[in-house]
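Trainee: Chain by chain, the residues run as shown.
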Amino acid sequence: DVKVTQSSRYLVKRTGEKVFLECVQDMDHENMFWYRQDPGLGLRLIYFSYDVKMKEKGDTPEGYSVSREKKERFSLILESASTNQTSMYLCASNVGGAYQPQHFGDGTRLSIL
Amino acid sequence: GQQLNQSPQSMFIQEGEDVSMNCTSSSIFNTWLWYKQDPGEGPVLLIALYKAGELTSNGRLTAQFGITRKDSFLNISASIPSDVGIYFCAGQPTGANSKLTFGKGITLSVRP
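Those protein sequences? They're chains A and B, same order as listed. So for the first sequence, our numbering puts the first residue at 29; every next one is plus one. So for the second sequence, our numbering puts the first residue at 4; every next one is plus one.
I should point out that these hints are in silico values taken from the structure, not numbers from a laboratory. Some hints could be false.
[What the hints assert, rightly or not] Restraint ranges, calculated between C-beta atoms of paired labels, are given here:
| # | chain 1 | residue 1 | chain 2 | residue 2 | range |
| --- | --- | --- | --- | --- | --- |
| 1 | B | 73 | A | 85 | 22 to 32 Å |
| 2 | B | 85 | A | 80 | 20 to 30 Å |
| 3 | B | 81 | A | 105 | 42 to 52 Å |
| 4 | B | 18 | A | 79 | 24 to 34 Å |
| 5 | B | 56 | A | 42 | 31 to 41 Å |
| 6 | A | 80 | B | 13 | 21 to 31 Å |
| 7 | A | 35 | B | 110 | 22 to 32 Å |
| 8 | A | 42 | B | 53 | 38 to 48 Å |
| 9 | A | 54 | B | 84 | 43 to 53 Å |
[Unchecked claim] Listed below are the simulated BS3-like cross-link pairs for lysine-lysine, each with C-alpha atoms no more than 25 Å apart in a straight line:
| # | chain 1 | residue 1 | chain 2 | residue 2 |
| --- | --- | --- | --- | --- |
| 10 | A | 31 | B | 102 |
| 11 | A | 83 | B | 54 |
| 12 | A | 81 | B | 107 |
| 13 | A | 98 | A | 46 |
| 14 | A | 85 | B | 54 |
| 15 | B | 107 | A | 99 |
| 16 | A | 83 | A | 99 |
| 17 | A | 46 | A | 99 |
| 18 | A | 85 | A | 99 |
| 19 | A | 85 | B | 102 |
| 20 | A | 98 | B | 102 |
[Claimed, not checked] Sample of chain B residues at the chain A side, in silico, Cβ under 7 Å:
| # | residue |
| --- | --- |
| 21 | 15 |
| 22 | 18 |
| 23 | 31 |
| 24 | 33 |
| 25 | 34 |
| 26 | 45 |
| 27 | 46 |
| 28 | 51 |
| 29 | 83 |
| 30 | 107 |
Think of the CB as a built atom: it goes at the ideal place given N, C-alpha and C, for glycine as much as any other residue.
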C-alpha cells in the first residue's frame with residue numbers, strides 16, 4: 029500500500045514564526061502536492077511538484093513556499109505564520125502521468141496563535 | 004479554482020439504509036475519484052473511475068462515471084456506523100496534468 033507520512037499530526041505555533049511541515053512518501057511517486065482544508069471551503073491546492081527541485085503554484089500559494097530536494101520528500105514552509113494559516117494541511121502523492129489517483133497523508137492540524 | 008458540486012452538505016440516515024450521493028460539474032472530466040475522510044484523518048481513496056459509463060464496486064460501495072462525463076454517483080448500501088465521515092468527489096479534466104478538482108464533500112451521519 030502507498031504510505032504518505034506527515035511529520036506531525038498536531039502543531040501549535042505563534043504568529044510570525046517560520047513553520048516547516050514535512051511529507052514523505054515511500055512509493056517512488058513523481059508527483060507530490062500540498063493542500064489546506066478549511067470548513068466550508070473544501071481542499072485547496074497550495075503547491076505541487078512534478079519532480080525533484082521542481083515546483084508550481086496552486087490555487088492559494090500566498091504566504092507559503094515549498095522545497096523538494098529529494099524525490100520522496102516535499103516540505104511546506106510558512107515563511108511568517110499568520111492566524112489565517114490555521115488549518116488542516118494535507119500532503120498527497122501520485123505516480124507521474126495523467127489520471128492517476130492521489131494518495132493522502134493523515135494531515136497536520138496546524139494552529140497559529 | 005473550479006469546484007465540483009456536491010450537495011447537500013450533510014446527510015443523516017438510519018443504519019441499514021442505502022444512500023446515494025452525486026457530484027456534478029459544468030466541465031468534462033476524464034477521471035472521477037471518490038474519497039472518504041474520517042474525523043482527524045486524511046482522505047482515503049474508495050473508488051477510481053476512468054471511462055464514461057463505467058460502474059465499479061468496492062464492497063458495499065458502487066460508483067458510476069456519468070455518460071456525459073460531467074457527473075458521477077456514489078451509492079452505499081446497507082449503511083453501518085463506520086460509514087460516518089466526509090465523502091469527497093474529485094475529477095481530472097481532459098488534457099490536464101495530475102491536478103485534481105475537488106467537491107466540498109458531504110458529511111454522512113449514520114444513526115444506530
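Trainee: All hints are to be evaluated individually against the structure, with a verdict given for each.
Mentor: Cross-check of the supplied hints:
1. Range check, residue 73 of chain B to residue 85 of chain A: about 27 Å between beta-carbon atoms, so the 22 to 32 Å window is met.
2. Separation of residue 85 of chain B from residue 80 of chain A is about 39 Å and departs from the stated range, judged on CB atoms against 20 to 30 Å.
3. Checked against the given bound of 42 to 52 Å, the beta carbons of residue 81 of chain B and residue 105 of chain A, roughly 46 Å apart, stay inside it.
4. For the pair residue 18 of chain B and residue 79 of chain A, the beta carbons lie near 47 Å from each other, so the given range of 24 to 34 Å is not met.
5. Take residue 56 of chain B and residue 42 of chain A: their Cβ atoms lie about 53 Å apart, and the range 31 to 41 Å is violated.
6. The beta-carbon spacing between residue 80 of chain A and residue 13 of chain B, approximately 42 Å, falls outside the hinted interval of 21 to 31 Å.
7. With their beta carbons about 28 Å apart, residue 35 of chain A and residue 110 of chain B fall inside the hinted range of 22 to 32 Å.
8. For residue 42 of chain A and residue 53 of chain B, the hinted distance range of 38 to 48 Å is satisfied, since their beta carbons lie about 46 Å from each other.
9. The beta-carbon spacing between residue 54 of chain A and residue 84 of chain B, approximately 32 Å, falls outside the hinted interval of 43 to 53 Å.
10. A C-alpha spacing of about 20 Å is found between residue 31 of chain A and residue 102 of chain B, which places the hinted pair at or below 25 Å, so the restraint holds.
11. At most 25 Å may separate the alpha-carbon atoms for a hinted pair to count; residue 83 of chain A and residue 54 of chain B exceed this at roughly 30 Å.
12. The hinted pair formed by residue 81 of chain A and residue 107 of chain B fails the criterion: a straight-line CA distance of about 31 Å is larger than 25 Å.
13. A C-alpha spacing of about 21 Å is found between residue 98 of chain A and residue 46 of chain A, which places the hinted pair at or below 25 Å, so the restraint holds.
14. Note on residue 85 of chain A and residue 54 of chain B: the hinted pairing is violated, with a Cα-Cα distance of about 29 Å set against a maximum of 25 Å.
15. With a CA separation close to 30 Å, the supplied pair residue 107 of chain B and residue 99 of chain A exceeds the 25 Å bound.
16. Using a Cα cut-off of 25 Å, the hinted pair residue 83 of chain A and residue 99 of chain A holds, with the two alpha carbons roughly 12 Å apart.
17. About 23 Å separates the Cα atoms of residue 46 of chain A and residue 99 of chain A, which keeps this hinted pair within 25 Å; it holds.
18. Under the criterion of a C-alpha separation no larger than 25 Å, the hint pairing residue 85 of chain A with residue 99 of chain A is consistent with the structure, at around 18 Å.
19. Proximity of residue 85 of chain A to residue 102 of chain B is assessed by CA-CA distance (about 11 Å); at most 25 Å being required, the pair is judged to hold.
20. As the CA atoms of residue 98 of chain A and residue 102 of chain B are separated by approximately 21 Å, the hinted pair is consistent with the 25 Å bound.
21. A distance limit of 7 Å between C-beta atoms decides the matter here; for residue 15 of chain B the minimum to chain A is near 18 Å, and the interface restraint is violated.
22. Against a cut-off of 7 Å between C-beta atoms, the interface hint on residue 18 of chain B is violated, since the closest Cβ of chain A lies about 26 Å away.
23. Among the interface hints, the one on residue 31 of chain B is violated; its C-beta lies about 13 Å from the nearest C-beta in chain A, farther than the 7 Å criterion.
24. A least Cβ separation of about 6 Å between residue 33 of chain B and chain A falls short of the 7 Å threshold, and the interface hint therefore holds.
25. The interface hint given for residue 34 of chain B holds, since its Cβ lies 4 Å from the closest Cβ of chain A, which is under the 7 Å cut-off.
26. For residue 45 of chain B, the interface hint holds, the least distance from its beta-carbon to any beta-carbon of chain A being 4 Å, beneath 7 Å.
27. Taken as an interface hint, residue 46 of chain B checks out: its beta carbon lies about 5 Å from the nearest beta carbon of chain A, inside 7 Å.
28. Proximity of residue 51 of chain B to chain A holds as hinted, the smallest CB-CB distance being about 5 Å (cut-off 7 Å).
29. Hint status for residue 83 of chain B: violated, given a least beta-carbon distance of 23 Å to chain A, over 7 Å.
30. The interface hint given for residue 107 of chain B is met, as the beta carbon of that residue sits about 4 Å from the closest beta carbon of chain A, less than 7 Å.
Consistency with the previously given hints fails for numbers 2, 4, 5, 6, 9, 11, 12, 14, 15, 21, 22, 23, 29, ordered from lowest to highest.
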